[in-house]
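Trainee: Chains as they are written, first to last, in my numbering: chain X, 1 to 451; chain A, 1 to 223.
Quick caveat, the hints were computed from the structure, so don't treat them as lab data. Keep in mind it's a predicted model, so treat the numbers as computed, not measured. Careful: at least some of the hints might be erroneous.
[Claimed, not checked] Covered stretches of chain X (in silico footprint by chain A; criterion: 3 or more residues with CB under 8 Å from a CB of chain A, positions within the stretch not fixed):
| id | region |
| --- | --- |
| 1 | 282 to 289 |
| 2 | 303 to 315 |
| 3 | 318 to 331 |
| 4 | 344 to 352 |
We treat Cβ as the ideally placed atom computed from N, Cα and C, and that holds for glycine.
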Amino acid sequence: MARAAPSLQARLLVALALLLLAAAAIAAWSLESWYRDLGLRAREDVLEAQVIALISSADIGPDGRLLPQNLVEPRLATPGSGLYAEILGARGSWRSPSAVGSGLNLAAQPAAGERRFEHARLADGTRVLGLSLGIRWELADGGTRDFVVRAAASLEPWYREIARVRAWLATGSILLALFLLGGLAFALRFALRPLRRLESEIVDIEAGRREGLGPEWPRELAGVTGNLNALLTGERKRLERYRATLGNLAHSLKTPLAAMRSLLERGQAEPAALAPQLDRMQDIVQHQLKRAVFGGTGATLIDLPVQEPLEQLRGALAKVYADKPVRVALAIAPGTAYPIDPGDFLELAGNLMDNAWKYCRGEIVVRVTPWTSAEWRRPGLAVDVEDDGHGIPPVERQRVLERGVRADESVAGQGIGLSVAREIASAYSGTLEIGDGRLGGARVTLRLPGR
Amino acid sequence: MRLLVLEDEPALRESLVQQFHGAGFTIDQAADGVEGEFAGLEYPVDVAVVDLGLPRRSGLDAIRAWRKAGKSFPVLILTARDSWQEKVSGLDAGADDYVTKPFRFEEVLARVQALLRRSGGWSQPLLRSGGVELDTRSQQVRVDGAPVELTAFEYRLLEYLMLRAGQVISKSELTEKLYEQDFERDSNTIEVFIGRLRRKLDPDGKRQPIETLRGRGYRVARE
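From just these sequences and the hints, can you work out the full model?
Mentor: Below, the structure is given as structure tokens:
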């Protein structure tokens, strides 16, 4: 046995799980980088403020160095506080007490008016963010001197915070993904339940526990289940018809066979005596075949536009009845179509029109209209065939429709057209009725239901 | 009358050929669609009987080919399937009538005769011209109501002329249509038969039922 393809539910779940994980990962990553960006920018702002504060409190000392006159920021005075500053000049530099022994070594040497941020490490490995600002100091004597003012802050506390946020984001997004997946699995089970019901009902049909699919399917499945039911009904009817045909054929052949056998046994088997029995057998076979030719079912059929076959039939019948010219009016609502096997439709309409041609005096009207009902999404078909013959008296009508159905009935000659048409119609769950037409003759009405 | 039989089943073809022959037809026959199509295109056929299921090329295709080539002789189809679909497709392809298998020969013959009669423009099986009456069903000829005894060939000759009443029929057409393909043709024989027909139909020379058009052929008047 071939390995079964993964179930729809499994496919959907796997695909959705992958999608969700990817979405969660992307969301977490972008949140994190946004947070990191924001944090860095804030730290840069703090450094800038420190540098500005330093400059504003600074003045040239007697030795030519630029020195802060008082340290407003206590952290600069505390060694290892995490905030460091230095001022470099041509005549010497100044370093904040906090930086003593820290191994701070920022590399940037910006020109006056420039500023540069850089990442660096202290002697103990602490990661810092540094800002170097180049300034030009105006001296009292009108000259100028260039300095570089630097501030640096440890990033370690911030990195620890980022790590915490990262862990929190990862846990959160995984939890969210799991929750969504669980919800989806439940939703899928709920949504696919009709499919499982369909599967189990089909199993039941195969096992002979039920005849067709039950009612009340979701809209998306109603088409399929409706067609399946039509197919099943069609197949069942066809099977019944074949059984009946076979039975009728076998039974009706018995009589002429018996007659021939008795002729043979009596030694009277000359051709002249056998011929009538042969004729009878031939008639029987032809008759039963006629009843068995049609075979469409309503499920797998596509819409057949009815105009063309009706025109073909009119042309064909005009040839067959060349000695009997008849005016045939085809009144067909434009675009009328119905899902029926083309052969079955020709057989149906052919029998009706042939019948009308046979019994009319010179005029036939074929009227085709869609048959609509609120219950159907697609319309049915109504075909009226009227002629100007003598009509069929009400008492005869039922008999005409059932002619040749029973096996023991005489099958010689014709007249089974309408009964064959009725059988085809009923294979499509349709009906055939005989009434009075407006032309004075019979009106045969065929109705095939919509779906 | 020259009839083309297209049937692949040998027993059936033979029986059709024999019985049509017996009914006074000149026969061409073919067992497959290709040969049959050729025969219909090349021989002076008056009517064809065509089985639809033929080897090599279907009967429908042969009929379509004839019609496309402008051949208008009537065609009777033999079909095993008694469904309107089959009949309609045959008639739509250009056939004129159908008979369902199995059939009785009388049925086929009657249909063929009706087709010939209609293709000659007669709507009744009784052909009349100048007091001469020919019944295509019983193959009887009467003049002013009195039966006239004709030989098989004389009957075929008269039937051919009367079916085409009003048309001028040349001697060569008559030899083609009334003699078998391999029969020695001599148009003088036709003159002899026409003479005998005239004596039988018109012993005292008053009616002149068959007109001679010198150098062109013969004509029976259309009423």
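Trainee: Each hint needs a verdict: does it hold in this structure or not?
Mentor: Hint check:
As drawn, the region 282 to 289 of chain X meets chain A at 3 residues by the rule of a beta-carbon pair under 8 Å; at three or more, the given contact holds. Coverage of the region 303 to 315 of chain X by chain A holds. Counting CB-CB distances below 8 Å, 4 residues qualify, and the rule asks for three or more. For the region 318 to 331 of chain X, the assignment as covered by chain A holds, since 4 residues bring a beta-carbon within under 8 Å of that chain's beta-carbons and 3 suffice. Counting residues of the region 344 to 352 of chain X whose CB lies closer than 8 Å to any CB of chain A gives 5, which reaches the minimum of 3, so the coverage claim holds.
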